[in-house]
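Starting from the known structure of chain A, arrange chain B with the ligands on it as the hints suggest.
Protein sequences appear in the order of chains A and B. Going by the numbering used here, 236 is the number at position 236 of the first sequence; the sequence numbering is gapless. Going by the numbering used here, 18 is the number at position 18 of the second sequence; the sequence numbering is gapless.
All the given hints hold, so there is nothing to weed out.
Chain A stretches covered by chain B per the calculated footprint, using a threshold of three residues with CB under 8 Å from any CB of chain B: (1) 172–182; (2) 315–324.
Computed from the model, here is a short list of chain B residues facing chain A with C-beta under 10 Å: (3) Arg7; (4) Val12; (5) Asp13; (6) Gly17; (7) Asp35.
No wet-lab data here; the hints were simulated from the structure. In this text the structure is predicted, and so the values were computed from the model without any measurement. Ideal Cβ positions, reconstructed from N, Cα and C, are used throughout, including at glycine.
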Amino acid sequence: MTLFARNQWYVAAYATEVGEELLGRTILGEPVVLYRSRRDGRAIALADRCVHRRFPLSESRREGDDITCGYHGFTYDRTGACVSVPGQTRVPRTARVAAYPVVERDSLVWIWVGDPAAADEGRVPRAPHLVDPAMTTVRGMEPIDADYGLLVDNLLDLSHETYLHGGYIGTPEVAATPITTEVDEEGGVVRVSRHMLDAECPPFYARSTGIEGRISRLQDIEYFAPCLYLLHSRITPVGQPAPVFRTEITYAITPSAPGRVYDFWAVSRDFALDDEEVTAFLRDFNHTVVMQDVDALNLLQRALDGEPGPYQELSINIDTGALAARRILAALAAAGTDRAGA
Amino acid sequence: MSGDPERPVYRVDWLPGGDVLEARCFCGARRGLPDPVTAWTWLLDHPRHAAPPPEGGPR
Ligand code: FES
Ligand SMILES: [Fe+2]
Ligand SMILES: [Zn+2]
Numbered sequence: 001m002t003l004f005a006r007n008q009w010y011v012a013a014y015a016t017e018v019g020e021e022l023l024g025r026t027i028l029g030e031p032v033v034l035y036r037s038r039r040d041g042r043a044i045a046l047a048d049r050c051v052h053r054r055f056p057l058s059e060s061r062r063e064g065d066d067i068t069c070g071y072h073g074f075t076y077d078r079t080g081a082c083v084s085v086p087g088q089t090r091v092p093r094t095a096r097v098a099a100y101p102v103v104e105r106d107s108l109v110w111i112w113v114g115d116p117a118a119a120d121e122g123r124v125p126r127a128p129h130l131v132d133p134a135m136t137t138v139r140g141m142e143p144i145d146a147d148y149g150l151l152v153d154n155l156l157d158l159s160h161e162t163y164l165h166g167g168y169i170g171t172p173e174v175a176a177t178p179i180t181t182e183v184d185e186e187g188g189v190v191r192v193s194r195h196m197l198d199a200e201c202p203p204f205y206a207r208s209t210g211i212e213g214r215i216s217r218l219q220d221i222e223y224f225a226p227c228l229y230l231l232h233s234r235i236t237p238v239g240q241p242a243p244v245f246r247t248e249i250t251y252a253i254t255p256s257a258p259g260r261v262y263d264f265w266a267v268s269r270d271f272a273l274d275d276e277e278v279t280a281f282l283r284d285f286n287h288t289v290v291m292q293d294v295d296a297l298n299l300l301q302r303a304l305d306g307e308p309g310p311y312q313e314l315s316i317n318i319d320t321g322a323l324a325a326r327r328i329l330a331a332l333a334a335a336g337t338d339r340a341g342a
Numbered sequence: 001m002s003g004d005p006e007r008p009v010y011r012v013d014w015l016p017g018g019d020v021l022e023a024r025c026f027c028g029a030r031r032g033l034p035d036p037v038t039a040w041t042w043l044l045d046h047p048r049h050a051a052p053p054p055e056g057g058p059r
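The shape of chain A in the complex, shown without the other chains:
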C-alpha cells in the first residue's frame, strides 16, 4: 500500500460542493464535515465525529455556523469547540472536535489534516485555468476502491490511453511515442512529456474541435505530488501553425482511506466556450473515460488483494514517470511522519 503523506494539502471538495448542506468526506482516514459559514462565506472543516458517542456531525443539523449533533444534541461552533450539551450547564473542557486548516483556491477546497503548525497556505499548488474566464470547464468526482498509488501510476503513464481508452482518447501513437521525464525532487514535481507530431485525432478532440484530419498532439504532464495533476494538452491540425486548441486536464488525487481514493477530474478548454453541445459532449465523454479508469482500478485492486504473497512487477520505458512519482510519494510520506511525530 502507498503510505499517506500527511503534511500536505489535499483537495477535499469543489468549492461549489461546500455550502449550506453538511458534506461528509473522509480524507487520509479522517472523517471530515465541510460546510460554508453564513457569516463570512468561508469554508469550514471539522472532524466528523461527535465527542460524545461518535455520531457523524455530517448527519446532523446546522444552527447558523454551529452544528448540533443529531443524536443527543452536543453543539459545536465553527472552531470545533463544544458550546452546549443537553441537560446541564457545565460543558466539559475537553469537549471539542478538531478544526482543520482550509484554503479555497482556484475553485477547489484544500484541506490540511496533518500537523496544523506545519500548514503553509503558500504551498497550495495552483490550477488557475479552473477559474480562467477565457476557458470553459466541466468536472466531476468519482471515488475509487483502490490504493491512491494506483491512480498516480495510471495518470503518470498515459500509454494506457491506447488500450484502455481506445476509440475515446487513445490512438496508436500515444503508446508508440517516446516520453521525456523530469524530476524536481525538492519541489516534489514530476514532468512527463509526450509530443506526437503526426497522430490520429481521437473522437474526444475530433468531436469537440471539428478537426477531421491528423493532428499534432502535445501532452505535457505536471504532477505536483501528492495531490495535483495537470495535463496540458495542445492540438493543432498537421501542417498548420494554428489554430492551437488548448485543453487543460486537471486531476486531484485525494487518498480517502487505505484502499480508497477520490478522483476529482476536470477538463478546461479555450475553444467553443459558449457551445453547450461541446460542453455536454466533453462532460459525458470524459465521464465515460474516467469510468473506464475507475473500473480498471477497482478490478486491479481486487486482483492485487487476491495475491497470495508479495508480488513482482516489471517496469519498462513507459513507466519512467510513474516510478519517479512513487519515489517522491515515499519520501513525502516519510517526511510527514517525522514532522507529525507519529
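Chain B with the ligands only, in chain A's frame:
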C-alpha cells in the same frame, strides 16, 4: 518542459527510434541505460553515478 531553474532536476529522455533511455543529471553526467529502474538508480546515485547493478539490464 519548464522547470524551476534554481532547483536541481533529473531528466530521462527516451531516445526516439530505439529503446534506450538517456539519463541526465543536473551535474552534467549523462548515460544511456536500458530501463527506468536502472536509470533512476543511476541518477539518484549523484554525485557518484556508479555503474548500475548488472541485474538492471533489459529483461
Ligand atoms: S453522539 Fe453526539 S451528542 Fe451523543
Ligand atoms: Fe485513463
Ligand atoms: Zn549528478
